[in-house]
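Put together the whole structure using the sequences plus the hints.
Spelled out from the first residue to the last, the chains are:
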Amino acid sequence: MTNSEKYAQCFLEMFEVVSDDLKALEYQSIQAWDSVGHMNLMGVIEEEFEIEMDIDDITDFSSFIKGKEILARYGVIIEA
Amino acid sequence: MFDIKQILALQANRYPMLFLDRVISCVPGESSKCIKNFTYNEWYFPSHYEDDPNAPGFVLIESLVQSFLVTFLSIEGNHGMRTNFLDVKNASFRRKIVPGDVMEIDSELMSFKRGVAKGKSVGRVAGELACSAEFVVCIPDVMELYRPK
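As you go down the protein sequences, you meet chains A and B in turn.
If you count the first sequence from 1, you need to add 5 to reach our numbering.
If you count the second sequence from 1, you need to add 1302 to reach our numbering.
By construction, these hints were calculated from the structure, which means they are not laboratory data.
Heads up, a few of these hints could be off.
[Stated by the list, open to error] Pairwise CB distance ranges, derived in the manner of DEER restraints:
id: 1; chain 1: B; residue 1: E1430; chain 2: A; residue 2: R78; range: 49 to 57 Å
id: 2; chain 1: A; residue 1: S24; chain 2: B; residue 2: H1350; range: 49 to 57 Å
id: 3; chain 1: A; residue 1: L27; chain 2: B; residue 2: E1352; range: 52 to 60 Å
id: 4; chain 1: B; residue 1: V1400; chain 2: A; residue 2: M6; range: 49 to 57 Å
id: 5; chain 1: B; residue 1: K1451; chain 2: A; residue 2: K28; range: 44 to 52 Å
id: 6; chain 1: A; residue 1: E31; chain 2: B; residue 2: A1428; range: 48 to 56 Å
id: 7; chain 1: B; residue 1: P1348; chain 2: A; residue 2: S34; range: 17 to 25 Å
id: 8; chain 1: A; residue 1: E31; chain 2: B; residue 2: L1447; range: 17 to 25 Å
id: 9; chain 1: B; residue 1: E1352; chain 2: A; residue 2: K11; range: 33 to 41 Å
[As the list claims (entries may be wrong)] Cβ-to-Cβ under 7 Å is the rule here; a few derived chain B residues that face chain A:
id: 10; residue: F1387
id: 11; residue: R1416
id: 12; residue: V1418
id: 13; residue: K1422
id: 14; residue: G1429
id: 15; residue: V1444
id: 16; residue: K1451
Think of the CB as a built atom: it goes at the ideal place given N, C-alpha and C, for glycine as much as any other residue.
In structure tokens, the structure reads:
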């Protein structure tokens, strides 16, 4: 499985959305991505990529797109 | 061991919603063992039920979770903080709790990250399984720090 597929899978499983929705997905754009959903999502992504994100990156992680940029800081490259 | 004064300092629940009498042992960030004494003076026994007093399920759940709170509110910096339920799973009730019973509660913290605690509690009376549940509980003031701006 590629990083891109793993990354998408985190959102698909956590929020029960479909692949077509991912690019537009933002914090609080759906009911499931609330503050609790955010904590759970961060935990799943950290576990998947074996990283630990800083508080600034967690508060900056406001969308599916933005998240790719943040993961790159940890050496996790999400292919286009 | 924590007595009632130390329990009051550790967590924010107060009468009539405090359901711990003593913390027998505690390893901050790992586990706790607590005692809840049930007497007929408890406010719910006369009405639940008049002819058959026994502890309501919500009191047992609250007793279990308050013991669980000790596992992470005992961590330096968390003392006295308010908490909220996020999830309760696999709640199980196996024994009626009546006036005179003493429930010993063993709690285990599975994870505590960014103000979110996950774990479980098991309550026993005279060594017999009474109730158990798994919990996800948050400290809102800590969780707030990690919310996207």
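Q: If any of the earlier hints don't hold here, list their numbers in rising order.
A: Violated hints: 5, 7, 9, 10, 13, 14, 15; rest satisfied.
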